[in-house]
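Chemist: Let's have the full structure, built from the sequences with the hints guiding it.
Protein sequences, first through last, are from chains A and B.
Counting from 1, one number per residue, gives the positions in the first sequence under the working numbering.
Counting from 1001, one number per residue, gives the positions in the second sequence under the working numbering.
Hint data in this document are derived by calculation from the structure and do not stem from the laboratory.
Any given hint might turn out to be false.
[What the hints assert, rightly or not] Residues on chain A that point at chain B, a partial pick, calculated with CB under 8 Å: (1) V37; (2) A41; (3) E57; (4) E65.
Just so you know, these numbers come straight off a predicted model, no measurement behind them.
The beta carbon of each residue, even a glycine, is placed where N, CA and C say it ideally should be.
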Amino acid sequence: MGDFKKVWEMMKVVLGIEDPWVLGAYIGSILVMLLCVVYGALNWNKGGEDEEEQIKEEIEWHEKEKEMEEDELGLWDEEG
Amino acid sequence: MANDLLTLIVIVLIYLALVVYVGYVAWKRTKTADDYLVAGRATHPFIMALSYGATFISTSAIVGFGGTAGVYGMGLLWLTFLNILVGIFIAFVFFGKRTRKIGHNLGALTFPEFLSKRFNSRFIQWFSGAVIFFGMPLYAAVVLIGMARFVETTLNLDYNIALIGMAVIVALYVIFGGIRGVMYTDALQGSIMFVVMIVLLVAIYWITGGLVDGNQALTNLVNVVPPDLTATATATGFTGWTSMPTFGSPFWWTLVSTLILGVGIGVLSQPQLGVRFMMVKSNRELNRAVLIGGIFIFLMTGTAFIVGALSNVYFFNTMGQIATQVVGGNADKIIPAFIAAAMPPWFAYLFMITLLSAAMSTLSALFHVQGTALGRDVYETATKKKGGASVMVARAGITVAVVIAVILGYLLPANIIAVGTAMWFSITAAAFLSMYLFACFWKRATKEGVISGLVIGTAISIFWIVFVFKKSAEALGICKALTGQAVLIAAQPWPTVDSIVIALPIAFIITVIVSLLTKPPEKEHLDKCFSGV
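Modeler: This is the structure:
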């Protein structure tokens, strides 16, 4: 706890912001950005195990979406 | 001036050449949906993340909210915090994966369709479609205003001319098939924005004396400027640019409820973003996109808000005025004014082109969603007819949407971008968020439950905007015409409390209560929805 306080006081000086709420937002934004980086890095190759099947699903979805665009927005006409 | 014009032309040409080149490469590689996916397999995930980012971030975030940070200060960084935590992390990791899987299981193509198929209700589809169709022009209009304000300041053009110019470019873009943002082009815009915002972040701290000195100067500024400059703001709760406003004051409520919560939470239920999760080919892409998206949003919104706030130091040191004074009280012009004054012309032009193209990709996604909302979600669901006339309806819908957005661009007052964005986000959150949350995570939620939440959430949100929330109620004038008072409840803090704080919790509670009181959904349907989740 003492360490946390020390770091906090140091951050106040380093960032030149005294209000704990605004300092919290500044540091919090950096921390959640790092959370995303760490999560993304740790799971970089996960979630693609059943990729073949997922791609099949995705192709079907895209076909349907394209159909919708042809039928309802009249897009893609020129390209057939 | 002639020199500046040459710089502008060179930058525009280089930019266009890049866009054409990237478009050509993408077109060559991906002629059919299958190619698109196969090529996608070899594509770096930053294409997905940056194209999502380019749809997410528009002139509204950078010009509108950046300028707002010039007024409200760095407390607005809580929005950056929420944008990353909620808009990227929670959205991708929790909502994205489920939306993708459930959407595919049900064959849903639009956001309203996803909700309607999940709960087996056509009403949900046309009602949601209608909310999107009628509410979205407000958001489209403020994105357009953001573009026009930037062009106005950077090129020294009349605002009205800039607005018409932008509207014509957008209309051409939409008519000539650009309505579906090409992922590669979006990613190119995203990459340029990435670099431009890093330059801007370094520049602002360079100009104001470094991280410590810059922030410290901003902290001290409130004591340095003549008190009469900040008197009006101080009277409503302003305490400085690096401190939160007085707790519970009107200034605090606007910052926290409208700007931070409205947009920070409302982003989850944005229809044009929700539909993107269904376009991703595997969960792995979502995992990877979290990394890139987190950095991207941090750089975009963080830089915009820091620059907006610190522009006060720059303007005070160079002109002896604070940011709002320099722009005559219109916060929408703070970022353009800062860039025009502090940065070299080539940077201002590059920034302008990037912003405009980012706005185009946001607008094209918005108009696409609006067109399908009217054609597929409202017209087809209501008439039970497919194809044929619905193409006309959707096209007419898009045309009407563009026209309304332009008209609003003229009618809306100054200082509107951030508040207009926040209002749209609040409405969508009140209408869709609890339903979307339960669609993904609560199998016990029933059709009756979510419909009650949808209708009551939307109704309360609209009622609040028309009769209670001062900024919108005064601008609309309906409350005044009907009751003779500007707002129904004059006692503080209600006129400054955003509708999301009231409508969202009520919609949530009602959905839960009605769901528990009605018959649970059939197991068979749930199994189909959640298969493989």
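Chemist: Look at each hint and say if it fits the structure.
Modeler: Verification of the supplied hints:
1. V37: Check passed: Cβ of V37 of chain A comes within 5 Å of chain B, closer than 8 Å.
2. A41: holds (6 Å)
3. E57: Hint holds; E57 of chain A Cβ to chain B Cβ min 5 Å, cut 8 Å.
4. E65: holds (5 Å)
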